[in-house]
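Using the hints provided, position chain B relative to the given structure of chain V.
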Amino acid sequence: MNPSALLQFLISGMNLGCIYAAIGLGLFVVYSVTRVLNLAQGEFVMLGGMLTVSLLRMGIPLLPTLLLAVVITAFVGAFLYQVIIYPARNSSGSTHVFLTAGFAFSLEGIALLVWGWGDRGLPNFLNSPNIHLWGATIFGQTPWIVVSTLIMVIGLFLFYSRTIQGKALRACADQPLGARIVGISTEKMALFSFMLAAALGAISGAVITPLTMTSYGVGLPLTVKGMLAAFIGGLNKAEGVIVGGIVLGLAEAMSAGLMPSGYYEVIALSALILVFLCRPRGLVTTQSEV
Amino acid sequence: MEISKVVEILKRQQSTKILLLLCILFFMPLLNNLYLNTIVISIGFYSIVTMGFILLMGFAGQISLGQAIFFGLGAYISGILAVKYDISPWLTLVLATVTTGCIAMLLGRAIFRLRGLIVGGITLALNLVFFNLVQSMSGITGGATGMMNIPQLPSGGFMSYSLFIYYVVWLSVILLLVFSLNLVNSRVGRALKAMNLFSGGSDVTAQVMGINIMKYKAGIFAVSAMFASLAGSIYAHYISCIEPATFGVSYSVMIAIMAILGGLSSPWGALLGAALIVGITELLREIIPLFTGGTTGAYELIAYGFILMATLRYLPSGMISVFNRLTKLGDKSSTEVISP
Chain V
1 MNPSALLQFL ISGMNLGCIY AAIGLGLFVV YSVTRVLNLA QGEFVMLGGM LTVSLLRMGI
61 PLLPTLLLAV VITAFVGAFL YQVIIYPARN SSGSTHVFLT AGFAFSLEGI ALLVWGWGDR
121 GLPNFLNSPN IHLWGATIFG QTPWIVVSTL IMVIGLFLFY SRTIQGKALR ACADQPLGAR
181 IVGISTEKMA LFSFMLAAAL GAISGAVITP LTMTSYGVGL PLTVKGMLAA FIGGLNKAEG
241 VIVGGIVLGL AEAMSAGLMP SGYYEVIALS ALILVFLCRP RGLVTTQSEV
Chain B
1001 MEISKVVEIL KRQQSTKILL LLCILFFMPL LNNLYLNTIV ISIGFYSIVT MGFILLMGFA
1061 GQISLGQAIF FGLGAYISGI LAVKYDISPW LTLVLATVTT GCIAMLLGRA IFRLRGLIVG
1121 GITLALNLVF FNLVQSMSGI TGGATGMMNI PQLPSGGFMS YSLFIYYVVW LSVILLLVFS
1181 LNLVNSRVGR ALKAMNLFSG GSDVTAQVMG INIMKYKAGI FAVSAMFASL AGSIYAHYIS
1241 CIEPATFGVS YSVMIAIMAI LGGLSSPWGA LLGAALIVGI TELLREIIPL FTGGTTGAYE
1301 LIAYGFILMA TLRYLPSGMI SVFNRLTKLG DKSSTEVISP
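Protein sequences appear in the order of chains V and B. Residues in the first sequence are numbered consecutively from 1, following the working numbering. Residues in the second sequence are numbered consecutively from 1001, following the working numbering.
Chain V with its partners taken away, still in its complex shape (with noise of 0.2 Å):
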């Protein structure tokens, strides 16, 4: 195979691997505050990305809209921690998990209301141009892609070691009850981690939409597969979920290039699926830690 088919699936599979990482970053932020799978983490992604474009089509500035489709997206996240989470907070797990799908199918429609059926559509940000190297094509929105996940990331990783609020989420995933005694308002975190975890999905969504646009639909199967990468890192830890994501974004470029096509997310997420079940705790945690 030769080397710039190789870089350009490289390249595809690290656009693809920075959204799922960021979709499992977002989970990730919930689940291990809260124990909740949300399953509305697709939505905000779709939202971040459908608020950029209307914003922007009412004229507003690409920095303002960015700003404001993520305050709106996190407004979006604390309704549903408020209004619909947090009421039922001594419910079972399986009771959040159907909540936040119930949340996400009404998101959905009411994004067909507004928005239609048709797919939007961006301009890369600051109309970025491809660049074309070693005979493969680095398409312009990808600096922005790799460049803002990495933002997410490091930044994710310094508030959670260096700020108090960091370490106070971190307090509450892993000892809630000490947490508590400390004097940590688990539900104020709580709240806070679904706000961030909006956040985060809209950043993504805005940041992919040039290169994938995006529709009322894409929810759900983003977040599968955002899903299956967070699985397959090992939900417990920000790096595996990161790697995850990259992986499911590597295997699917690789798919699609080698294999005949159509058949591309079948390999990738049933490959994913196999290796998941062969190793249930990831691919990142160790045996001392579940």
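Read the hints as simulated data drawn from the structure, not as lab findings. Note that CB positions come from ideal geometry on N, CA and C, so glycine has one too. Some clues are possibly wrong.
Said to hold, decoys possible - Restraint-style ranges between C-beta atoms, simulated for each label pair: (1) 278(V) with 1287(B): 49 to 57 Å; (2) 67(V) with 1151(B): 53 to 61 Å; (3) 126(V) with 1204(B): 56 to 64 Å; (4) 1145(B) with 280(V): 34 to 42 Å; (5) 278(V) with 1138(B): 51 to 59 Å.
As the list claims (entries may be wrong) - Just a few of them, taken from the derived set where beta-carbon distance is under 7 Å, the chain B residues facing chain V: (6) 1063; (7) 1110; (8) 1117; (9) 1128; (10) 1245; (11) 1279; (12) 1301; (13) 1302; (14) 1304; (15) 1305; (16) 1306; (17) 1313; (18) 1315; (19) 1340.
Positioned in the frame of chain V, the structure of chain B alone reads:
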């Protein structure tokens, strides 16, 4: 004995409910309303698949968001056997159901090594894989445009085809209902309940009692899959052309909504949930265009999501608990409340 005592006893028997159902079903076609027939057939299909889901989630406590996979497998296998290999449609029903059961058994063995919510996640992912697989294999399945010209089930020709399907579907519903009700009250049913987190059991509880949880989990998964598959096969021969979009993730979520709305504690919940959701859908399709004159797909989505959230929040045991309380038609087994 006094009449009231007889009535009391009758009220508590499941057989009474079934007889009532049979009466309603028998008289329904006499109304000669084609629209009503179509809706009731639709409710029938959903009831079968949802019953499978309730057996899996309500009794064994396993979350599976993949019923669409087996509904689709039933439809496509039956369709392919009939179209490509000219096998008699009735035979394809049997073959498809058995094949799906085996596949589900194998899948179950692999999946149920995991515990908890992750099972739901994996079934969701498998659903997505199935959907993409069907879409990609255009040579065999007709791809995104679907498979056409699936032959009808031979009916002997003495009634209209849709009436025939009506009887086929609802006869299946009744048979499977009786099967499920018996299963629930049997040794198998009790073993499943012991595993069920929602009714106070757990994997450990069951294991301590000597129950082989893997065997039962995979088994009930297969049974639930066969329910869905049977419905799918009949559906294929009814609709005559099937497309992948029907068997996506949304279908599985819809089934879950019907099950939760109806009530997970009894197979009757499947009928109730299916009837309610189909009814509400039709209602929306009548009413919404009066206000907006557009298609109702968006409102349906919003409504389904809303129903799911509202039911889980305010009535987690489903409508069947309301029904039982109002009519006191319950018996011993339906007074236990199984809710997520």
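Quick rundown of the hints versus the structure:
1. 278(V) with 1287(B): 49 to 57 Å: holds (51 Å)
2. 67(V) with 1151(B): 53 to 61 Å: holds (59 Å)
3. 126(V) with 1204(B): 56 to 64 Å: holds (58 Å)
4. 1145(B) with 280(V): 34 to 42 Å: Taking Cβ atoms as reference, residue 1145(B) and residue 280(V) lie about 38 Å apart, which means the hint holds.
5. 278(V) with 1138(B): 51 to 59 Å: violated (31 Å)
6. 1063: holds (5 Å)
7. 1110: holds (5 Å)
8. 1117: holds (5 Å)
9. 1128: Hint on residue 1128(B): holds, closest Cβ of chain V at ~5 Å, below 7 Å.
10. 1245: violated (11 Å)
11. 1279: violated (18 Å)
12. 1301: Hint on residue 1301(B): holds, closest Cβ of chain V at ~3 Å, below 7 Å.
13. 1302: The hint holds - residue 1302(B) has a Cβ within 7 Å of chain V, the shortest such distance being about 3 Å.
14. 1304: Holds, about 5 Å.
15. 1305: holds (3 Å)
16. 1306: Interface hint status for residue 1306(B): holds (6 Å vs cutoff 7 Å).
17. 1313: holds (6 Å)
18. 1315: violated (12 Å)
19. 1340: Where the cut-off is 7 Å and the nearest Cβ of chain V is about 4 Å from residue 1340(B), the hint holds.
In this structure, the earlier hints numbered 5, 10, 11, 18 are contradicted, and the remaining ones agree with it.
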